[in-house]
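Chains as they are written, first to last, in the numbering used here: chain A, 1 to 259; chain B, 1001 to 1270.
Just so you know, not all the hints are guaranteed correct.
[Unchecked claim] Derived coverage of chain A by chain B (criterion: at least 3 residues anywhere in the stretch with Cβ under 8 Å from a Cβ of chain B; other residues may be distant):
1. 18-29
2. 32-39
3. 176-190
[To be verified] The calculated label-pair distances, taken between Cβ atoms and stated as ranges, are:
4. A:Leu138 with B:Asp1139: 45 to 55 Å
5. A:Ser199 with B:Val1146: 40 to 50 Å
6. A:Gly124 with B:Pro1098: 40 to 50 Å
The hints are simulated quantities; they were obtained by calculation from the structure and are not laboratory data. Don't be surprised by glycine CBs; every beta carbon is placed ideally from N, CA and C.
Read off the chains here:
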Amino acid sequence: MKPQLQTFVSSFRMSQLHFFADPQWIIPNVIAPFIFTAVALMFFQNVSGSLALYAVLGGGMMGMWGNTLYGAGFALGFDRWNGTLEYVLATPSRLVWIVAGRSASSAVLGLVNAIAILCIAVFGYRAELGIANPVLFLLALVLTLASLSSLGVLFSSSFLLTRSASVMTNGLEMPIYVASGSMFPIALLPFWSHPFSWSLGPTWGIEAMRYAAYGELGLGFWIDVLVVFASTIIYLAIGFWLFGIVERKVRRDATLVEY
Amino acid sequence: MTNQFPGSQSIRIFVSSATFAFKALFSWLRPEMWLMQVLTLPLFQMAFFVYLARFAAPTTTNVAFIAVGNAMQVASFSSIFAVCNLTSEEKWQGTLVPLIATPANRFPLFLGRASFQILNGIVTIAVGFLYANTLFQVDMVRTDFVALAIVIVVTTFAMTGFGLMLGSVGLFMRTAMIIANIFLFIGLLICGVNFPVTVLPVWIQPISYAIPMTYGTMAARAAVQGTDILGIAPVLLQEIATGLGSILIGYVLFLSFEVLARRRGTLEEY
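The following block holds chain B by itself, in its conformation from the complex (with noise of 0.2 Å):
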């Protein structure tokens, strides 16, 4: 023990969590329908859009904000939806109260579970793109790819620590599936998805704001466009940022619940 490195224990409580959190996903979920997820759910909520869109104003309709925007926000069905039911799903197999027992740390535990979701996401948002390109003919010639990829690995980042922040709460609550849902499809309103965040009432701009997808498809759109790394810099500074924030919040949320839920005893309640 005293051979350890300072952190390798979180390391290990992390990779472990993160292989079987893995194990645990493929052992009820076939591989194919894993990938009919991945390669449906960006093409119909993309085309419903665009279609939406095109419908509505068949002259003015920008299809690249709308296609770039849904490609982005497409990760949020493992970002926000799969994360946050995290501590929901582990009260609904009785496998909480075990988790909960044991001394390890709470950080390292609930990151393991999330971190597939991550590449989840990521794999999501890079088929999104391609129908964007193939499909619905948004122009790449000029993109800077690099840049995008950072932009796609940081969004996901940032929004599996939003998500992680949301589950905290369904830790104390019957479920964390209701608000899962609601932020699931409320970023398509307001995170600068489908218009830019500008056109929504004012009292709504904070609240999108404080929501790193909106910095995500901002900055995704940025480089789709052409502009290289240090272009998008101050938009990707600002999603780390929330990012960073939502994860602070939901750890403290975490720690806060556990000692409520523990003191009433409705860890297990559901």
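Bound conformation, chain A alone (with noise of 0.2 Å):
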């Protein structure tokens, strides 16, 4: 296995471990998407199945995004707090993909996150659920995952700069929800606000899933699968350029652990 796919790996692990050991800590996680489903849905309770399920597929995705970015958030802030970040760093292997695998990490819980949000619409709520082609929509929820999960590897680039990261998680979780148009179309959003909303892969991605869920499955959805997949490598090579960058900056201003 190559060295930094090895590490990757061990990265995602290492995460997924210390998340079992303490697993209550997905509730702050998961209870911000649940409770704008609950109340979407009490918006939704007297409309039609297809828009309730545009609420609750957005809520899924929303799930998604709160784990991951409290992940890529809290990823290099809890090793700050412990005081483990300078040997984190003194590693052999690049930072990036640490914060890689501890991102995917986050996100494959975020997935976990989405199915408690559905089951929890489903079952709880009564919202209507059918999806007109799995096997596609588990594609574009696949697609929307690695997405996910490269803006998280990202935002926390800036994060390794700034002992404020937990501040510019709560500060990245409502915007992100509002432009990539979770829960309503972005063409209620004012127009100059389009370009942003556009530029975040998720948007691309909860579009496809709603392609795939509705059956329509035109031009439409596999521009947004297109969209999503390059938005991820698009985000990834900024990332991994961003690392560099900052790891580079830490390191001469000896700053990595000041907080």
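Mind docking these for me? Both chains are given alone in their own frames, and the hints should help you get the complex.
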């Protein structure tokens, strides 16, 4: 196995072990998307099934995003608090592969969040969740998950520079929920905000998931799939590049464990 | 010592604790980050629920109801989340044991710790109302601003009392973070923030009326529509009662959990 892949797998495994040592931490990550979905279902209670499905799928995506963002924000924050960040950086493995493993772990756990939200919506609120094409829905879901994970890597690089990562994490949760059109079409948002929405992979990912769920598998679906895949590659490329710069900077300025 | 007036010791502890908490917060949090939080949280929370409601029911959505509700509820980030985590944060920093070992009265000590969050909550709500009026076109022409100001202050105090009550549980639990997160967001669902409490299942409604925010949103909407302070006094009195009740229950819980944690040796467990 290549050293980079080995680092990624080890980091992923370690992150999973940390989580299962104290799984109650899934609650803070899942509670906001769950409550938002519950509020949405209250709004949609007199509306037809397809619109309710729109909100439920959005809730699932928010569940994944919540976990990924918190995973990215705290991936290095906890090391900083525990005094282990210097040791992590001093290893021969590049930090970005370690963070990528942790971010992927958070995204996978986010999938559990999403499934929990969908189950609660279906069984608790009797929301209709008919998926017309489960195979392509799964493809869109996996690509969205990868996109969220790569976005987590991208944000993590900036979290390395600041001791206020937790504040930034809290600050980034809602804007992505709004801008990605997780529960309502971005067409409702002001026109000037659309370029920001389009720059987010999850915007395209959730749209692809909805196309697959509704069975509308025309050109729109494949464009969404293509864009979400391309955005993942771009986020990762920028994330790797930024990590190189940030790593050099914190070593040079000796500000790594400043908090 | 004999010249001190009754309560001067408690005031000194309160002021000292408040000053210390303020300095501690801004020793790690840059003011610009704090400002970013105050400016963005109300905006995006309000935008999310307003657009969601418009999508669900384009013709019948009452934007003012949702915008005002969220402008008030956003104070929960400081009044509930930050305050509830006070004990847990002391635990993480390893300072809870020295703090508990002091003979200082716990009430002014932790009230002082929470005091900046009261101010923080007031500022955040004010920013929320600014957005409600300028971006979401909430009509505030008839608003009784004196009444609204009183509602905001009372709500932040009452919610901080509620947060202190939840925080007392954190003294005994491994962390209060879980409970803080649950109560940070649950208000969006059960406190009449996005829809009236009356549309909730009957068994949930008593829980709604045990949380001060439910009265805060009702009173704020009345003040925005022009009701004066005498008109909203009954609701405000109920809010004050739930806030004071929360503080009292929280104080009793804190003392009980302190005894329990000392006896079981779990004060530092996290």
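Against the structure, the hints come out as follows:
no.: 1; hint: 18-29; result: holds (count 4)
no.: 2; hint: 32-39; result: holds (count 5)
no.: 3; hint: 176-190; result: holds (count 7)
no.: 4; hint: A:Leu138 with B:Asp1139: 45 to 55 Å; result: holds (48 Å)
no.: 5; hint: A:Ser199 with B:Val1146: 40 to 50 Å; result: holds (45 Å)
no.: 6; hint: A:Gly124 with B:Pro1098: 40 to 50 Å; result: holds (45 Å)
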